[in-house]
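Peer 1: Numbering that gives the first Met the number 0 applies: residue 0 is where the sequence shown begins, and numbers increase by one.
In case anyone wonders, no lab produced these hints; they're calculated from the structure. Some hints could be false.
If you anchor each label on the Cβ, the simulated ranges turn out as follows [said to hold, decoys possible]: (1) Pro225 - Gly179: 48 to 58 Å; (2) Leu204 - Asp110: 23 to 33 Å; (3) Gly207 - Gly42: 43 to 53 Å; (4) Asp72 - Ala273: 45 to 55 Å; (5) Asp164 - Leu204: 56 to 66 Å; (6) Arg29 - Asp52: 18 to 28 Å.
Quick caveat: nothing in here was measured; it's all calculated off a predicted structure. Using N, Cα and C, we set each Cβ at its ideal position, and we do this for glycine too.
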Amino acid sequence: MHRAAVLGSPIQHSLSPVLHRAAYVSLGLRDWSYDRFEVDEAGLAGFLAELDDSWAGLSLTMPLKEQALVLADQCDPLALQTGAVNTLVADETGWTGYNTDVHGLVAALGDAGVGPGAGMETAMILGSGATARSALAAVAEIGVTRVVFGVRREARESTMAQARDHGIDATTILLTECAGHLHDIRLVISTLPAGAADGFGNDVLERGPMAPDDSVWLDAVYAGWPTLFAQAASAVGAQVVSGLEMLVHQAVRQVELMTGMTPDLGVVQAAGRAALARG
């Protein structure tokens, strides 16, 4: 038996088991299992120490992405660049850390028509933590040269340093001021946890349409859809991308890393959408 799981805190809402199990079915992997475990930062090292050779990989969600970087025996360049590991894969040398969030974001935006050559030179990213750094790497890949970070207090210096490494002109404004700075921004990505972008969404709804007509807004949150961020996006006429699309693409990449096989994207996507529809 090969085992895998998603870890985080809180974790009961995670759709990862639905997605990975659907992938296993599509690949005919009857000897693979995927579960979820409530694990916080203080407990991650101990959890890893208890695992046996049946474990093939782990998915990491909040608040473990930075701690996993520290505990991994080695990391791929993208994980090191972003300072965030959301995937641990077991091999003969121990645990190798990867960042598949960047792939998930690039692929989800690509499905929405946002990619290199799309003319998206400026983006607004809400938040500055681990997921924001993945978003930063993703927008750099598609050609963004200027990023406005919306933060509650101050942007993390590690995030600003990464922006400089990408050659991106990065500025910060308070989250409460973001709604007033959308007039020339066509790409908005919220990397905030559930509910944390509600104030921004309400501000936009109160102000009314003020963003370019061809805007694309992505919310990393997928539960409780449509979120207030998504409702605000619709109100300004933006194309809305759910965090589910990002989650599906990054999950497919995780399955590839853990099993060496590529599942059917459509099967995994359908399973995720069905699970959300069931609540």
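Peer 1: Hint by hint, note whether the structure agrees.
Peer 2: Hints, verified against the model:
Distance hint check for proline 225 and glycine 179: the Cβ-Cβ separation is about 23 Å, which falls outside the suggested range of 48 to 58 Å. Taken as a hint, the range 23 to 33 Å holds for the pair leucine 204 and aspartate 110, whose Cβ atoms sit roughly 26 Å apart. Between glycine 207 and glycine 42 the Cβ separation comes to about 46 Å, which falls inside the hinted range of 43 to 53 Å. Between aspartate 72 and alanine 273 the beta carbons are some 37 Å apart, a value that contradicts the proposed interval 45 to 55 Å.
At about 36 Å, the beta-carbon gap between aspartate 164 and leucine 204 misses the expected band of 56 to 66 Å. Between arginine 29 and aspartate 52 the C-beta distance comes to about 19 Å, which sits within the given range of 18 to 28 Å.
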